[in-house]
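Modelling step: build the complete structure from the supplied sequences, incorporating the hints.
So the protein lines, in turn, are chains A and B.
If you're matching positions, the first sequence starts at 1 in the numbering used here and goes up one per residue.
If you're matching positions, the second sequence starts at 328 in the numbering used here and goes up one per residue.
No wet-lab data here; the hints were simulated from the structure.
Here a beta-carbon is modelled for each residue, glycine too, at the ideal position from N, C-alpha and C.
Any given hint might turn out to be false.
Below, simulated DSS-like cross-link-like pairs (lysine-lysine); rule was C-alpha separation at most 30 Å, straight line [claimed, not checked]: (1) B:K633 to A:K66; (2) A:K66 to B:K406; (3) B:K552 to A:K45; (4) A:K6 to B:K552; (5) B:K488 to A:K66; (6) A:K50 to B:K465; (7) A:K109 to A:K45.
Over 10 Å on every C-beta distance to chain A, these chain B residues come out as not near it, computed from the model [unchecked claim]: (8) R380; (9) R412; (10) L419; (11) H429; (12) A503; (13) E543; (14) R549; (15) T645; (16) Y649; (17) N662.
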Amino acid sequence: MSSDLKGWLPVDAVVVDGRPGLWWMEMLDVSLAEPFFQQTVERAKTDGTKRGELFTEFDVLLQLEKELESVPPTGFIFHSSRCGSTLVANACRAITNSVVLSEANAIDKLIARFFTDAADGGVKESVYSVFLRSVVHALGQRRRGNEQHLFIKFACTSFAQLERITRIWSRVPWIFLYRDPVETIVSNIDDPPTWLLDDDWRVLSSIIGAKPSDVAAMSLEERCARSIGSFYSRAVALANDRSMLLNYNQLSVPVISSVLEFFKVSPSAQEREAIARASGVYAKEVSGTRPFVADADAKQKLASDLVREMAGSWANDPYRRLEEKRK
Amino acid sequence: METETSFNGDYGPRRLNVELANICNLHCSYCFRADENLYSSHAEFFPIDLLRRVIAEARTAANITRINFTGGEPTLHPKFAETLRTIGDAGLTTSFVTNGWHFDRVWPSIQENRNAVSHVAFSLDGVTREAHDRWRGKGSFDRLVRAFSRCYMSKLPFGMKIVIRRDLVDQLEQIAIFAARMGAASLHFVHVMPTSNALADDSALTLDEQRVVEQEIAILARIFKMDIGIDVGYYNIDETRPPCAPLAGTSMNIDYRGRLSLCCNLSGFRGAAEEQDVVADLNVESFASAYARFLSLVALQLQRRKDALAALRAQALTPDVYTGSPCLFCLQSFNKIPWH
Chain A
1 MSSDLKGWLP VDAVVVDGRP GLWWMEMLDV SLAEPFFQQT VERAKTDGTK
51 RGELFTEFDV LLQLEKELES VPPTGFIFHS SRCGSTLVAN ACRAITNSVV
101 LSEANAIDKL IARFFTDAAD GGVKESVYSV FLRSVVHALG QRRRGNEQHL
151 FIKFACTSFA QLERITRIWS RVPWIFLYRD PVETIVSNID DPPTWLLDDD
201 WRVLSSIIGA KPSDVAAMSL EERCARSIGS FYSRAVALAN DRSMLLNYNQ
251 LSVPVISSVL EFFKVSPSAQ EREAIARASG VYAKEVSGTR PFVADADAKQ
301 KLASDLVREM AGSWANDPYR RLEEKRK
Chain B
328 METETSFNGD YGPRRLNVEL ANICNLHCSY CFRADENLYS SHAEFFPIDL
378 LRRVIAEART AANITRINFT GGEPTLHPKF AETLRTIGDA GLTTSFVTNG
428 WHFDRVWPSI QENRNAVSHV AFSLDGVTRE AHDRWRGKGS FDRLVRAFSR
478 CYMSKLPFGM KIVIRRDLVD QLEQIAIFAA RMGAASLHFV HVMPTSNALA
528 DDSALTLDEQ RVVEQEIAIL ARIFKMDIGI DVGYYNIDET RPPCAPLAGT
578 SMNIDYRGRL SLCCNLSGFR GAAEEQDVVA DLNVESFASA YARFLSLVAL
628 QLQRRKDALA ALRAQALTPD VYTGSPCLFC LQSFNKIPWH
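Written as structure tokens, this is what we have:
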């Protein structure tokens, strides 16, 4: 059964008939070329190729871990949302024979279970940790055979589970990307992401440290400010010699190259050119043709009083401490 | 020990649990088989001719469709291949519980009779070589893992059975992960039978601890695809239905001497002289007449339990573990406790 899943990837973590498990898709020939993993999944679903799909419980992962050859993680990308992490992920994609898993549902939804379904020290915590390792193993499988590097960009909320993640992969270097709080909040308010709008407030409740009902009642500005403030504080507390802190305002081709070197990958001249090209276009656009425009000033001008108030109340201080730590 | 004792709403197929051998090659301190039988008596094995006759009669009298082999260690039966063949020839299916030590040796017999063997249950004591071998001897874990691999590669479903000793309580999830990794189809936990005061003190859980463990097992059962459960014996005072397959009349036990008894936990246990649980010697009696007495004993035992629970209820007392656990209740009412 499990060996039949060679070339299949877990594309979502779901619950079917009350049982948690994974949704798989046959993706042997599919390159993970899009900025986000789920965009690749959508492309695969609509490219005219008939692809198998199926549900399995998590058990199958444990078999796959024994049977499928996989690339061990090279580096992890964490971020505080809307701060250039996709740009960095795209740069990683420019490295030959690399696999980049960018906010794959199967990973981040499984991590979300640590918030919603796994009390500290209970049986689920250990079980989900093992499943998480196995999901990454399955997603990082050598489908072509020549893959050498595996980069994982997590959803921003997953950063709140950094300790659990690094307990699984204690030697994998990680970076944390962040940005000025006002600019981050403005970007999120302008185009609210699902993590700020989710009906299940347990994740944000845990991150913010407020009751789910209180989270639901908050303005988007407060919800966002308190979340990113929490991310900054966590980064201040947990950054160590295996991590790199990176502010959006530092991003440049040489800095991105230094990130790769931090991940112990030395880009060739050709790869540096590819990184430069990737940096010149808007990172999240699938076609990769929309030019990238630095927008810090514009974001500052757009900030409302409420945005500035919330940033001041919840995010500016941890941001300042994070900057001090980085410098 | 049965191989289908998890009670999850049904009692499983109508079946016989046949003790193939009175001996075992291992000596696990918590085993609820009689030491006298396992290690002091000379080896005795269930006769094949008797097996054939009992199967034929039990199919007619009790509509049984399945035979489970237990022990002692069933793979020690010198005619193990023939016992499997007997089941296949009768058109029934079988499974057996084993410690796995002799699995390599009996593997050809299993392959020859693959149509008859539905699955195998292995006893496990830990998920590492060190942990398992501490209880079962050096080399035991490696043999077991080899047996798992044989089954998995041959697509023969197999399960694991593990007694919940105190030292395993914080490893339930690792056990489940290990079982899933090995490709097990089932993982069944069972509470310790407190066969001595020392064992009760060292390894058995209190009732409250049992409940916590049972909740954790229920959580694991919801997460994993493999069948995870806890075998009967857990605290259960629901009187609306029989608490286990033997008391539902669907599972019958025959010891290595050919005697029909109510429960495999009870027969001949550690010199228990009265043996009220033994219904008939099938060497000299037909299964049909023995089965009628078996059902009478079932009815009597259910009534005893009902009366005991009613008496406690009348005094507004909560049943203790020796009344609430169906296994311990039967052991007690058949004068098997305190353990000899």
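Checklist entry - What are the numbers of the hints the structure violates, in ascending order? => result 1, 2, 6, 12, 13, 14
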